[in-house]
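Given only the sequences and the hints, what does the whole structure look like? Please build it.
Protein chains in written order, with my numbering: chain Y, -13 to 244; chain D, 8 to 224.
Keep in mind the hints are simulated off the structure, nothing from the lab.
Don't take each hint at face value.
[What the hints assert, rightly or not] Listed next, with one range per pair, are the computed distances between beta-carbon atoms:
hint	chain 1	residue 1	chain 2	residue 2	range
1	Y	Ala41	D	Ser51	51 to 59 Å
2	Y	Gly243	D	Thr84	54 to 62 Å
3	D	Asp39	Y	Glu(-3)	52 to 60 Å
4	Y	Glu193	D	Gly58	21 to 29 Å
5	Y	Arg75	D	Asp54	54 to 62 Å
6	Y	Ala41	D	Ala207	53 to 61 Å
7	D	Asp205	Y	Leu194	50 to 58 Å
8	Y	Glu40	D	Thr209	48 to 56 Å
9	D	Pro224	Y	Glu185	28 to 36 Å
10	D	Thr209	Y	Phe228	35 to 43 Å
11	D	Ala223	Y	Pro203	21 to 29 Å
12	Y	Gly212	D	Gly75	40 to 48 Å
13	D	Asp39	Y	Ala89	29 to 37 Å
This structure is a prediction, so every number in the text was calculated from the model and none was measured.
Built from N, CA and C at the ideal position, the CB exists for glycine as well.
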Amino acid sequence: MSTDRGIGLLEGRVALITGGAAGIGLGIATAMAREGAAVVLAARRIENGEPAAEALRDAGHRALCVRCDVTSRSDLESAVATTIDRFDRLDCFVHNAVGGSAAPGPLEEVDDGWLGLLATTVRASFDAAQVAHPHLAAAGGSFLLLTSAAGMEGSANLPVYAMVKASQRALAKSLSREWGPDGIRVNCIAPVARTPAMERAYRANPELEERLLGRTPLRRIGDPTGDIGPVAVFLAGDLARFVTGQTIVVDGGGFLGL
Amino acid sequence: MGTRTLLCGVGSLSDDLIARLRARGHLVEAVDPSVLVARADAGSAVDAVAGSLGAVDLVVHVLAAPDGPTPLVDLSTDAWVAACEDPMVGALHLLQACRSHLGAGSRIVHVVPTSAMGGAPGFAATSTAAEGLRALNKSVARQWGADRITTAVVAVAPELLLGPAASSAGGALTGPALGHTGGADDLAGIVDALASPDAAFTTGSTIVADGGTWMAP
Chain Y
-13 MSTDRGIGLL EGRVALITGG AAGIGLGIAT AMAREGAAVV LAARRIENGE
37 PAAEALRDAG HRALCVRCDV TSRSDLESAV ATTIDRFDRL DCFVHNAVGG
87 SAAPGPLEEV DDGWLGLLAT TVRASFDAAQ VAHPHLAAAG GSFLLLTSAA
137 GMEGSANLPV YAMVKASQRA LAKSLSREWG PDGIRVNCIA PVARTPAMER
187 AYRANPELEE RLLGRTPLRR IGDPTGDIGP VAVFLAGDLA RFVTGQTIVV
237 DGGGFLGL
Chain D
8 MGTRTLLCGV GSLSDDLIAR LRARGHLVEA VDPSVLVARA DAGSAVDAVA
58 GSLGAVDLVV HVLAAPDGPT PLVDLSTDAW VAACEDPMVG ALHLLQACRS
108 HLGAGSRIVH VVPTSAMGGA PGFAATSTAA EGLRALNKSV ARQWGADRIT
158 TAVVAVAPEL LLGPAASSAG GALTGPALGH TGGADDLAGI VDALASPDAA
208 FTTGSTIVAD GGTWMAP
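This is the structure we're talking about:
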């Protein structure tokens, strides 16, 4: 892992990232750490998250892993409590984790396995918002949700994934209006990045990568740390102090519908 | 024969819409959204309505909304589930139950508040569900279009579904260009037009029917 450092855009700040052990979550955590933030990687399996946190610490960053199944409200409460106990504040809560069954297929064949997807995205966003709110208000912080262009354009392959990702955008907009007077900003990132989940999707659907690249003007798939992370840094920091209720699509220009 | 319409909704807007559609010649049977959360119950209810109508040409799902505004931080989990998660689960079950009754030329319409697109303080849960339904509508358009089943969303002024407390929730600088936010009279004609074969080349789109308040794309 690179030990390079940024220019201190998040110096003194503290961020908690769900799904922080790998993929986009780890990319965001790494980018934030390089800009000076203390980062808490909330991971469902500590054995996955702790090596990532250790690598960040070895690179000279402040990092911690907490075990957190986002479908458990008490786990979210515990993760936030540990963050406050260890770092005294919470400036940015990033809800990135997504789980449950979202296998591609016809709507008619969606079974109750999708309720896990609903729990990790929609319910966890609700629980995380309630748990994080007082700390974000105290810090004048921000709440960041990871969504998807599928939620804006619909999906022929992942209809319920599109539904939950769209719903998170509307939650962000409503919260931006409710929490603005508290000094809390709420935004979304809709990324496309090369992650373990994306690699699995490529293996299941070999044509997917070619189709994605074909509609992407920048002709590549994003890197979690180098491409997605800096946008999260921007939204979490003072440069975005007047930005709230927005979705930034970070996908090389593949979706241009906003 | 009139358009055979299955309408799922509860509340005054749904009731008025049923009356106006019947006045336009639709054969309308209602499904109570409270039965949709259980997949089997949704199937039974839809099968009964489809049996009564003979077939279904038009499905209208009016998003049910809770009473009164509540800040998200004060919302109980049960209230969140009722206002956000159950409507999304129910929308999925309704579509799954309807699929076998829908043929070429049929139309699915979701009626949601414009707060799906703009958010609404105090109504985060319903707005969250509403945007979920809008995306579901688009995905169904993509999946079922090959069978010439089309979809649309009609986005209405928030107060029509969320009550008077939502009247300023849209965050608009100005009021509706047409001077009022409308009602079932205004919406029935749009829904009726969407059911027409003349409208069959639009699918997955959102028609904002709020008198000209929300004008974002």
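Comparing the hints with the structure gives:
Roughly 54 Å separates the CB atoms of alanine 41 of chain Y and serine 51 of chain D, a value that falls within the hinted 51 to 59 Å. The supplied range of 54 to 62 Å is broken by glycine 243 of chain Y and threonine 84 of chain D, whose beta-carbon atoms lie about 33 Å from each other. Between aspartate 39 of chain D and glutamate -3 of chain Y the CB atoms are about 56 Å apart, so this pair conforms to the stated range of 52 to 60 Å. One distance hint, 21 to 29 Å for the beta-carbon pair glutamate 193 of chain Y and glycine 58 of chain D, is violated here, with the actual separation near 42 Å.
Taking the beta carbon of each, arginine 75 of chain Y and aspartate 54 of chain D are about 56 Å apart, inside 54 to 62 Å as hinted. Against the hinted window of 53 to 61 Å, the Cβ-Cβ separation of alanine 41 of chain Y and alanine 207 of chain D comes to about 56 Å, which satisfies the hint. In this structure the hint that aspartate 205 of chain D and leucine 194 of chain Y lie 50 to 58 Å apart at CB is violated, the actual value being about 37 Å. A hinted range of 48 to 56 Å holds for the C-beta pair glutamate 40 of chain Y and threonine 209 of chain D, which are about 54 Å apart.
Checked against the hint of 28 to 36 Å, the C-beta distance between proline 224 of chain D and glutamate 185 of chain Y comes to roughly 34 Å, which is consistent with it. Roughly 37 Å separates the CB atoms of threonine 209 of chain D and phenylalanine 228 of chain Y, a value that falls within the hinted 35 to 43 Å. Checking the proposed 21 to 29 Å range against alanine 223 of chain D and proline 203 of chain Y shows it holds: the Cβ atoms sit about 24 Å from each other. Range check, glycine 212 of chain Y to glycine 75 of chain D: Cβ separation about 46 Å, and the 40 to 48 Å hint holds.
The hint said 29 to 37 Å for the Cβ distance between aspartate 39 of chain D and alanine 89 of chain Y, and at roughly 31 Å that hint holds.
The structure fails hints 2, 4, 7 (numbered hints given earlier, in ascending order).
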